[in-house]
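Mind docking chain X on chain F? Use the hints.
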Amino acid sequence: MANLKDLRLRITSVKSTRKITSAMKMVAASKLRRAQASAEQGRPYAERMQRMVSELVSNLPDIESAPKLLSGDGKDDVHMIVAVTADRGLCGGFNGSIIREARNMIIDLKGHGKTVKLLCVGRKGRDGLNRDYSDAIVDTLEGLTKTGVEFSSARDIAHDLIERFEAGEFDVCTIIFNRFKSAISQEMMVQQLIPFPVPDDAGDDAETDNQGAMYLMEPSEEEILEDLLPRNLSVQMFRALLESNASEHGARMTAMDNATRNAGDMLDDLTMTYNRTRQAVITSELIEIISGAEAL
Amino acid sequence: MDDKIELDIVTPVKLLLSTVVDMVVVPGGEGDFGVLAGHAPMIANVRPGTLDIYTADKITDQVFVEGGIAEITAERCTVLAEMAVLIKDIDPVMVDQRLEKAEAAQAADPDHVDGKDTDELIAARAMKAALKAA
Chain F
1 MANLKDLRLR ITSVKSTRKI TSAMKMVAAS KLRRAQASAE QGRPYAERMQ RMVSELVSNL
61 PDIESAPKLL SGDGKDDVHM IVAVTADRGL CGGFNGSIIR EARNMIIDLK GHGKTVKLLC
121 VGRKGRDGLN RDYSDAIVDT LEGLTKTGVE FSSARDIAHD LIERFEAGEF DVCTIIFNRF
181 KSAISQEMMV QQLIPFPVPD DAGDDAETDN QGAMYLMEPS EEEILEDLLP RNLSVQMFRA
241 LLESNASEHG ARMTAMDNAT RNAGDMLDDL TMTYNRTRQA VITSELIEII SGAEAL
Chain X
1 MDDKIELDIV TPVKLLLSTV VDMVVVPGGE GDFGVLAGHA PMIANVRPGT LDIYTADKIT
61 DQVFVEGGIA EITAERCTVL AEMAVLIKDI DPVMVDQRLE KAEAAQAADP DHVDGKDTDE
121 LIAARAMKAA LKAA
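From first to last, the protein sequence lines are chains F and X. Following my numbering, the numbering of the first sequence begins with 1 at its first residue and continues without gaps. Following my numbering, the numbering of the second sequence begins with 1 at its first residue and continues without gaps.
Next up, chain F with everything else stripped away, as it sits in the complex (with noise of 0.2 Å):
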């Protein structure tokens, strides 16, 4: 048995433990009820453009004429993959299912003779993926989040993004995140960037909700959706930088809630464990004094 002094060390020891993550916990629920509330701010937008994107493109006479943005530059050979993760880990899953994700879809997209490139937006994505596939990395950036994420860094990748497809870099571009579902659960999500998903049921909708407003463009479609596609993009960017950063701290503030009850479990058992050394040592010392006073 584990002797008295060994205990007291490691009671200790889980003890500083337990204050560290309940301190980590405090910090993330905090930080979740801002990025939380700037994540459903950014949703308006986002579902405005996205819909207003979709009425353009099912009104679009013909799609071959559209944008490459839209219409892909013919091309299915080279694929962006960028793999939205946070800087910093201890927060369960959120990370690795990120990156076992960014691995099956390049394995695959390797299994189909497609060439991958990527591009890592936060340090752990990076670092998971960096041992097997640092050749493919493109771009790492880091530090989007520490201070609340902006617009303007989502533009800018955004910008850097389209740069490179205009330089026939890659021809198909997807990003994975993390969406926020609570502060307990996120769901993974694989959105196709470039060129623009059309969606199928756009007709359907178009006749219900929306009947035949055609609209008036002002200048010519092709300008609007010359303007509005990067827009787009930077939208669903921002979008998800913001999705990705409410999850990563509900992730974290939920691993580390578990982290300080584990602990507790962890120490009632040693403390348990120390009393009963503790008495077995009293009643064996006990033994020794009443026999040797027997002995006399």
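Listed below are the simulated DSS-like cross-link pairs for lysine-lysine, each with C-alpha atoms no more than 25 Å apart in a straight line:
{"no.": "1", "chain 1": "F", "residue 1": "Lys75", "chain 2": "F", "residue 2": "Lys114"}
{"no.": "2", "chain 1": "X", "residue 1": "Lys58", "chain 2": "X", "residue 2": "Lys4"}
{"no.": "3", "chain 1": "F", "residue 1": "Lys146", "chain 2": "X", "residue 2": "Lys14"}
{"no.": "4", "chain 1": "X", "residue 1": "Lys14", "chain 2": "F", "residue 2": "Lys31"}
{"no.": "5", "chain 1": "F", "residue 1": "Lys117", "chain 2": "F", "residue 2": "Lys75"}
{"no.": "6", "chain 1": "X", "residue 1": "Lys14", "chain 2": "X", "residue 2": "Lys4"}
{"no.": "7", "chain 1": "F", "residue 1": "Lys114", "chain 2": "F", "residue 2": "Lys68"}
{"no.": "8", "chain 1": "F", "residue 1": "Lys25", "chain 2": "F", "residue 2": "Lys15"}
{"no.": "9", "chain 1": "X", "residue 1": "Lys14", "chain 2": "F", "residue 2": "Lys181"}
Quick partial rundown of chain F residues pointing at chain X, CB under 8 Å, derived from the structure:
{"no.": "10", "residue": "Gly42"}
{"no.": "11", "residue": "Pro44"}
{"no.": "12", "residue": "Arg48"}
{"no.": "13", "residue": "Met49"}
{"no.": "14", "residue": "Phe151"}
{"no.": "15", "residue": "Met214"}
{"no.": "16", "residue": "Tyr215"}
{"no.": "17", "residue": "Met217"}
{"no.": "18", "residue": "Leu228"}
Some chain X residues flagged as far from chain F (calculated, every beta-carbon gap over 12 Å):
{"no.": "19", "residue": "Thr19"}
{"no.": "20", "residue": "Leu36"}
{"no.": "21", "residue": "Ala37"}
{"no.": "22", "residue": "Asp52"}
{"no.": "23", "residue": "Ile59"}
{"no.": "24", "residue": "Asp61"}
{"no.": "25", "residue": "Leu86"}
{"no.": "26", "residue": "Lys88"}
{"no.": "27", "residue": "Asp96"}
{"no.": "28", "residue": "Gln97"}
{"no.": "29", "residue": "Glu100"}
{"no.": "30", "residue": "Ala107"}
{"no.": "31", "residue": "Asp109"}
{"no.": "32", "residue": "Pro110"}
{"no.": "33", "residue": "Leu121"}
{"no.": "34", "residue": "Ala133"}
Keep in mind that the hints were calculated from the coordinates and are not lab data. All values derive from a computational prediction rather than experimental measurement. Virtual Cβ for every residue (Gly too), placed ideally from N, Cα, C.
Quick look at chain X alone, frame taken from chain F:
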């Protein structure tokens, strides 16, 4: 409600304004246009500039919008802007700094073609002008 129109100004950060007004004048990409209730459905792009909100024939609010698009239906006008701020909330010091920064950035750009200003500079100038006019 017959002669009023709903106005929503939405930015990526938040829903800035959602209100019912008599008329709104939007700085369109090809010139300002006024929107009254019953306007034909239209989608137009928006240049950086001031959006005037009219109630009872008077300007009641002015909003500076930047980088956006407007969707107009008979009963609603939705402006999606990358940035939107009430004119009275603009900080003049910030505008000057932004203008300086944009001018310096353009001057430092070797690829710059004369007569074609960067988007940032255009936006900063429009912001300054909007502030002066108000």
